[in-house]
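There are 2 protein chains.
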Amino acid sequence: MLCVNVELKERRYPIHIGENLLTETSVYPLTAGDKVMIVTNETIAPLYLHTVTATLEKIGCQVSSVQLKDGEKYKTLDSLNEIFTALLRENHGRDTILIALGGGVIGDVAGYAAASYQRGIRFIQIPTTLLSQVDSSVGGKTAVNHELGKNMIGAFYQPISVIIDTTTLNTLPKREINAGLAEVIKYGAILDLPFFEWLEQHIDNLVALNPADLQHCIARCCQIKADVVARDETEKGDRALLNLGHTFGHAIETYLGYGNWLHGEAVAVGSMMAAALSELLGNISKKDVGRLEKLLARANLPTISPDNMQPEDYLPHMMRDKKVLAGKLRLVLLKSLGQAYVATDTDKSLVLDAIRACTQFD
Amino acid sequence: MLCVNVELKERRYPIHIGENLLTETSVYPLTAGDKVMIVTNETIAPLYLHTVTATLEKIGCQVSSVQLKDGEKYKTLDSLNEIFTALLRENHGRDTILIALGGGVIGDVAGYAAASYQRGIRFIQIPTTLLSQVDSSVGGKTAVNHELGKNMIGAFYQPISVIIDTTTLNTLPKREINAGLAEVIKYGAILDLPFFEWLEQHIDNLVALNPADLQHCIARCCQIKADVVARDETEKGDRALLNLGHTFGHAIETYLGYGNWLHGEAVAVGSMMAAALSELLGNISKKDVGRLEKLLARANLPTISPDNMQPEDYLPHMMRDKKVLAGKLRLVLLKSLGQAYVATDTDKSLVLDAIRACTQFD
Ligand SMILES: NC(=O)c1ccc[n+]([C@@H]2O[C@H](COP(=O)([O-])OP(=O)(O)OC[C@H]3O[C@@H](n4cnc5c(N)ncnc54)[C@H](O)[C@@H]3O)[C@@H](O)[C@H]2O)c1
Ligand SMILES: NC(=O)c1ccc[n+]([C@@H]2O[C@H](COP(=O)([O-])OP(=O)(O)OC[C@H]3O[C@@H](n4cnc5c(N)ncnc54)[C@H](O)[C@@H]3O)[C@@H](O)[C@H]2O)c1
Ligand SMILES: [Zn+2]
Ligand SMILES: [Zn+2]
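One line per chain: the protein sequences are D and A, in this order.
Quick note: the first sequence uses full-length UniProt numbering, first residue 1, plus one each step.
Quick note: the second sequence uses full-length UniProt numbering, first residue 1, plus one each step.
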């Protein structure tokens, strides 16, 4: 088992990473008599709810659970209210602990519910997708969507502990694994060349879910994100680097309609575009762009723009990004492999050229 | 104009108290170009929205507004969502400032909306009821109700400034003024004997809305609450004293159904019961109980239990209070006039005797 500590101004909390942790009583920061409410969904419940409940009961906890519908489209205030109703029906007080058992959607909704129920109760994250294990469960961002915008309503709220059982990835669809790897590769590209090189050696093992390599990989990603978050808890500066490829990616997601491409797939192509733009600006070499492309492709990720999307379709969506300030595009680019920076006011014709470089014309 | 500063761990903010402050540009912590969204309701908008908008436009702000329906029953997630919709429709970003213009209901909903929109934007309180001026606008508690419980969903979130224009009280129904005075008298009783004595001298002026006395009174209450909150921001200890009369009062509100008695009216009777119980326990004299009763009566507040409620009707409701811990009643009682304490595990038959002492039997 590996352990990464997230150090925040007010307190620290641990991320435990290992095999079969769901059944490991010692990793749960709970004691006999604690009341807990597990938030999960209809897909994950049949796979893991019983296991987690049994472990918690072994500790001596009083366990209830609530199952949401599966999907990004249920990441709403209504789902939040379902959690509150479950808590209130069973008279849960301020000392109840909420447990998020699932991917990023469950983590985000349950985290926001924990932040809001009686103005804040403790919560534990048990992320079960690769994306949530390396990204959404670290950093304390919680949210639900609004009809008019994704993640528009939420809170910064930290869990008391994160428990990552890599074994849960065995049931996750391969496409979701690959999407998670896009964020993994992103961490290497923006902040950690040695990790990027390690990925070049081990990507096939990760795709094949080799347990030891998965643990190392997840721990490294959590550490990178935890360091960034510790420096910048409420996203005023450094945290922006984590958005490599995301502004381009959001344009793809919005253009295709949410749910057609997975977020990670869009981020993969977006990262390629950011790399291509970095090359055009003379920062990185053609060879480095090629290394990124190869690594993404080995993780079965797309590296070129969707067939039905034209280069001209990107900019209008990109200009509506949250990171746009006073009409100026702010993009995360690469100074070199393993070193990202925020570029403000990049020439739009160069941006278009970079998008073209990642588009297949017949 | 008077000014009280609320000193918190992370920062401080001012409460400005005076006549005609709505039109006083200098009290708004805003500058030309700021985008603001005013949250108010259908009753208050025709009275004050135009005035506030004009002042903000004079400063050079871009002003939008959203009007909720009037009433406690609209203190819901749905109203919250209306605010988000208004913000998103007009593309409000993280630097927008939300302004709560109204009583405690508007303050609580708008405050929670500010805490949640894009994970937190700045907000300003302009409380327009006496209750919100002396109580709900200070302390950073924000919330909405759930079908199954009042104030169950919310956040601790502080405004950047509170602007109290005492002139707004001229349009407030007298019954609401009196209800606010119940909380005013509570502050004296729990923490400040000299203020209690000042109230004995000036209560008629307050009922008559004498501007100078109102300002002094509101400033004193804000200072008392601000001091308590500074010592106990997230309600672990001292803040409990502010609940004098509230556990009895909630029993009345719940028994009669919310909205029949005003909160302040129930608190008035509840304070009498807490005083009677304090007397039974040998803490305070019959004379002190009489002083409290007289002061409440001069503010046109009830001092005895509602006609249709029996002494036996109280305890079942009181046992369901948030402050009950492990089946033990925790009540705020008086050691002396001006000095409250939290009593745990008070003999239930004495509690019943105290309720009887405040019941009129024919
Ligand atoms: N809070 C943050 O910092 C942050 C960061 C990145 C993404 N996010 C959010 O995370 C969400 C995406 O997360 P996600 O990619 O985990 O999607 P997800 O939660 O929708 O999970 C993907 C799918 O896998 C299923 N699933 C989860 N675990 C499984 C398992 N072990 N076995 C089989 N099926 C399983 C889910 O039910 C779902 O159908 C988005 O809403 C995004 O906004 C948040
Ligand atoms: N956050 C806190 O710490 C805290 C503390 C105490 C109470 N509260 C909350 O405050 C709420 C009660 O607040 P309230 O007593 O102000 O009730 P309220 O907001 O419902 O206002 C009472 C009535 O007066 C009207 N009104 C407001 N200002 C007016 C004016 N100047 N002229 C004419 N009419 C006016 C309102 O529209 C409403 O009809 C409750 O929801 C309670 O839970 C919160
Ligand atoms: Zn991402
Ligand atoms: Zn009150």
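Read the hints as simulated data drawn from the structure, not as lab findings.
Keep in mind that a hint or two might mislead.
Copies of the same chain look alike in the list, so a pair counts if it fits in one copy or across any two.
Heads up, simulated EDC-like pairs for lysine to aspartate or glutamate below, C-alpha to C-alpha not over 20 angstroms straight-line [to be verified]: (1) K35 to D70; (2) K9 to E90; (3) K335 to D353; (4) K174 to D213; (5) K58 to E10; (6) K335 to D70; (7) K328 to E90; (8) K287 to D34; (9) K58 to D34; (10) K9 to D232; (11) K348 to E57; (12) K150 to D95; (13) K328 to D95; (14) K150 to D78; (15) K328 to D34; (16) K150 to E90; (17) K335 to D345; (18) K348 to D34; (19) K335 to D34; (20) K294 to E147; (21) K286 to D227; (22) K58 to D192; (23) K73 to E57; (24) K69 to D34; (25) K348 to D78.
Okay, the hints, checked on the actual structure:
no., hint, verdict
1, K35 to D70, "neither (25 angstroms within a copy, 37 angstroms between copies)"
2, K9 to E90, "neither (34 angstroms within a copy, 35 angstroms between copies)"
3, K335 to D353, "within (18 angstroms within a copy, 77 angstroms between copies)"
4, K174 to D213, "within (17 angstroms within a copy, 71 angstroms between copies)"
5, K58 to E10, "neither (31 angstroms within a copy, 41 angstroms between copies)"
6, K335 to D70, "neither (40 angstroms within a copy, 55 angstroms between copies)"
7, K328 to E90, "between (50 angstroms within a copy, 19 angstroms between copies)"
8, K287 to D34, "neither (55 angstroms within a copy, 47 angstroms between copies)"
9, K58 to D34, "within (12 angstroms within a copy, 56 angstroms between copies)"
10, K9 to D232, "both (10 angstroms within a copy, 19 angstroms between copies)"
11, K348 to E57, "neither (58 angstroms within a copy, 35 angstroms between copies)"
12, K150 to D95, "between (30 angstroms within a copy, 18 angstroms between copies)"
13, K328 to D95, "between (46 angstroms within a copy, 16 angstroms between copies)"
14, K150 to D78, "both (15 angstroms within a copy, 18 angstroms between copies)"
15, K328 to D34, "between (50 angstroms within a copy, 19 angstroms between copies)"
16, K150 to E90, "between (31 angstroms within a copy, 16 angstroms between copies)"
17, K335 to D345, "within (16 angstroms within a copy, 66 angstroms between copies)"
18, K348 to D34, "neither (56 angstroms within a copy, 28 angstroms between copies)"
19, K335 to D34, "neither (50 angstroms within a copy, 35 angstroms between copies)"
20, K294 to E147, "neither (37 angstroms within a copy, 54 angstroms between copies)"
21, K286 to D227, "neither (30 angstroms within a copy, 63 angstroms between copies)"
22, K58 to D192, "neither (41 angstroms within a copy, 51 angstroms between copies)"
23, K73 to E57, "neither (32 angstroms within a copy, 39 angstroms between copies)"
24, K69 to D34, "neither (27 angstroms within a copy, 40 angstroms between copies)"
25, K348 to D78, "neither (40 angstroms within a copy, 41 angstroms between copies)"
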